[in-house]
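Number of protein chains: 2
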Amino acid sequence: MRILRVVTFLVLFTLVTGHENLNSHMFPRPLIIEYPEPHHHQLKDEVQLQCTSWRFAVETNNLGPWKTIPEECGNYVRQYIEGGAYKMDIDRVSDEAGAYAKSRDLGADGKDVWVFDVDETLLSNLPYYSDHGHGLEVFDSVEFEKWVEKGMAPAIGSSLKLYQDVLSLGFKVFLLTGRGERHRGITVENLMNAGFRDWHKLILRGSDDHGKTATTFKSERRNEMVEEGFRILGNSGDQWSDLLGSSASNRSFKLPNPMYYIP
Amino acid sequence: MRILRVVTFLVLFTLVTGHENLNSHMFPRPLIIEYPEPHHHQLKDEVQLQCTSWRFAVETNNLGPWKTIPEECGNYVRQYIEGGAYKMDIDRVSDEAGAYAKSRDLGADGKDVWVFDVDETLLSNLPYYSDHGHGLEVFDSVEFEKWVEKGMAPAIGSSLKLYQDVLSLGFKVFLLTGRGERHRGITVENLMNAGFRDWHKLILRGSDDHGKTATTFKSERRNEMVEEGFRILGNSGDQWSDLLGSSASNRSFKLPNPMYYIP
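Going down the list, the sequences are from chains A and B.
Converting from the first sequence to our numbering requires adding 119 to each position, the first position being numbered 1.
Converting from the second sequence to our numbering requires adding 119 to each position, the first position being numbered 1.
Calculated from the structure, these hints are not laboratory results.
These figures come from a predicted structure and were not determined experimentally.
One thing to keep in mind: the hints can contain errors.
Note that identical chains are pooled: a pair holds if it fits in a single copy or bridges any two copies.
Said to hold, decoys possible - List time: in silico EDC-like cross-link candidates among lysine to aspartate or glutamate, alpha-carbon distance up to 20 Å: (1) Lys206 x Asp164; (2) Lys265 x Asp228; (3) Lys186 x Asp214; (4) Lys230 x Glu264; (5) Lys163 x Asp250; (6) Lys221 x Asp284; (7) Lys163 x Asp327; (8) Lys265 x Asp214.
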């Protein structure tokens with residue numbers, strides 16, 4: 120606020136004391152756009168602090184199930200997503216995962232596995248969520264499935280790079296998604312168009328999986344992989360329900376997602 | 120940066136065009152203290168963003184083992200700890216844990232357990248770490264053990280409240296710490312002086328546990344609890360090695376710790 124007062128003072132002072140010398144086209148205008156940005160405001164700072172703390176609680180899985188983001192964090196989440204911090208976090212996850220993947224010596228039997236979730240891990244639904252308040256609105260499965268059926272979700276850039284890297288290293292890639300079997304066709308098409316190829320298996324929720332939590336569904340599928348002799352060395356997902364449970368991966372990589380929660 | 124340029128421009132402009140009208144005692148001085156604060160500086164903003172991203176990677180367990188915090192994040196971590204955000208995060212964890220604890224119906228057999236880690240979970244070593252760069256220095260076990268033997272680590276306020284709450288609710292409390300048996304005496308004394316009472320068992324690292332990771336050591340001890348018929352409903356710790364592994368708790372609560380990493 121002090122800087123604002125100084126600018127205002129200097130402007131007035133200049134006008135009062137030096138207006139006869141002013142050459143109007145030299146005056147920096149419009150001054151209004153030079154005001155400190157809203158997030159420097161004290162109240163905004165408090166919201167910023169609270170919402171960062173909330174986001175930590177989300178990302179560390181300290182919160183119980185939640186249906187929408189806190190209303191006061193709407194702008195915060197949008198700013199996080201659109202302002203570059205989300206991308207920075209995602210890129211870092213892929214970098215760490217890639218370094219770990221390279222550090223592993225794989226067996227000659229082709230049984231070393233990397234598991235990827237799909238939504239908000241390989242494919243981004245930001246075009247959908249930016250139209251729906253980035254999590255401010257209660258999840259509407261009918262609306263979301265219309266979006267899924269368009270098959271237009273773009274790849275998350277650094278995830279695509281990681282995907283290609285682990286394939287090159289010799290990992291078998293399993294895609295394990297909470298999407299239902301009825302979306303298999305469009306999901307394959309979307310993934311292929313976004314640049315994802317050569318997965319070993321794409322596992323979607325079948326009719327038997329109805330009513331199971333994602334943690335249970337995904338644990339059961341990982342159990343099957345382990346029973347078939349696969350070794351799960353890496354697992355990338357934006358939900359803790361992608362990563363926790365039985366037959367957990369040797370290393371898990373949690374992508375950020377402050378927009379929704381899947382138990 | 121633009122605001123700085125505008126101020127500079129206005130100052131120069133005022134000096135150049137209006138100096139004959141200037142009454143020097145009216146000039147706002149010293150102008151240097153009115154500059155935007157360091158954290159509004161673009162470079163600082165970038166460091167802030169990078170270090171927040173690093174902290175997320177730490178708290179979500181995405182990083183491999185690390186020995187010191189990134190040098191460029193030294194001020195960031197100090198500011199996080201001392202500026203109130205750390206306390207806000209800790210308080211939120213305890214609130215969430217407390218709400219979960221109250222939501223559980225406990226059995227009549229007294230077998231429902233809450234596990235607490237000690238350092239940076241119940242007791243705070245901030246007096247030590249603030250003297251050692253908040254993680255900028257490589258961990259020095261000799262120095263740290265001298266501090267431990269003083270028995271002067273204060274309680275973390277909201278953890279003490281959670282501790283008392285879960286006891287009142289009827290949980291059995293197990294303290295499971297990486298501290299060695301040789302520190303048992305002073306650890307008990309420190310805990311008691313800080314207000315912690317009535318734990319069911321305090322488990323420290325014995326001579327057999329030498330060389331084990333914390334994840335292994337703590338998993339083994341939790342396995343024993345489960346074998347004895349205890350149900351681990353809650354677990355609070357500042358390290359993922361407190362929380363992951365076998366016989367994991369029904370719900371785990373990750374306290375923040377951007378200062379050090381224990382595998």
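Each hint tested on the structure:
1. Taking the shortest alpha-carbon separations for Lys206 and Asp164, only the inter-copy value of 16 Å comes in at or below 20 Å, while the best intra-copy value is 22 Å.
2. In this assembly of identical chains, Lys265 and Asp228 lie within 20 Å of each other by CA distance neither inside one copy nor across copies; the values are 41 Å within and 51 Å between.
3. In the homo-oligomer, the alpha carbons of Lys186 and Asp214 lie at most 20 Å apart only across protomers (19 Å), although the nearest pairing inside one protomer, at 30 Å, exceeds that limit.
4. In this homomeric assembly, Lys230 and Glu264 never come within 20 Å of each other (Cα to Cα): the closest approach is 34 Å inside a single copy and 45 Å across copies.
5. In this assembly of identical chains, Lys163 and Asp250 lie within 20 Å of each other by CA distance neither inside one copy nor across copies; the values are 24 Å within and 32 Å between.
6. Taking identical chains as interchangeable, the C-alpha atoms of Lys221 and Asp284 lie at most 20 Å apart only when both belong to the same chain, with a minimum of 9 Å there against 46 Å between chains.
7. For the identical chains of this complex, Lys163 and Asp327 are neighbours neither inside a copy (48 Å) nor across copies (53 Å), given an alpha-carbon limit of 20 Å.
8. For the identical chains of this complex, Lys265 and Asp214 are neighbours neither inside a copy (33 Å) nor across copies (38 Å), given an alpha-carbon limit of 20 Å.
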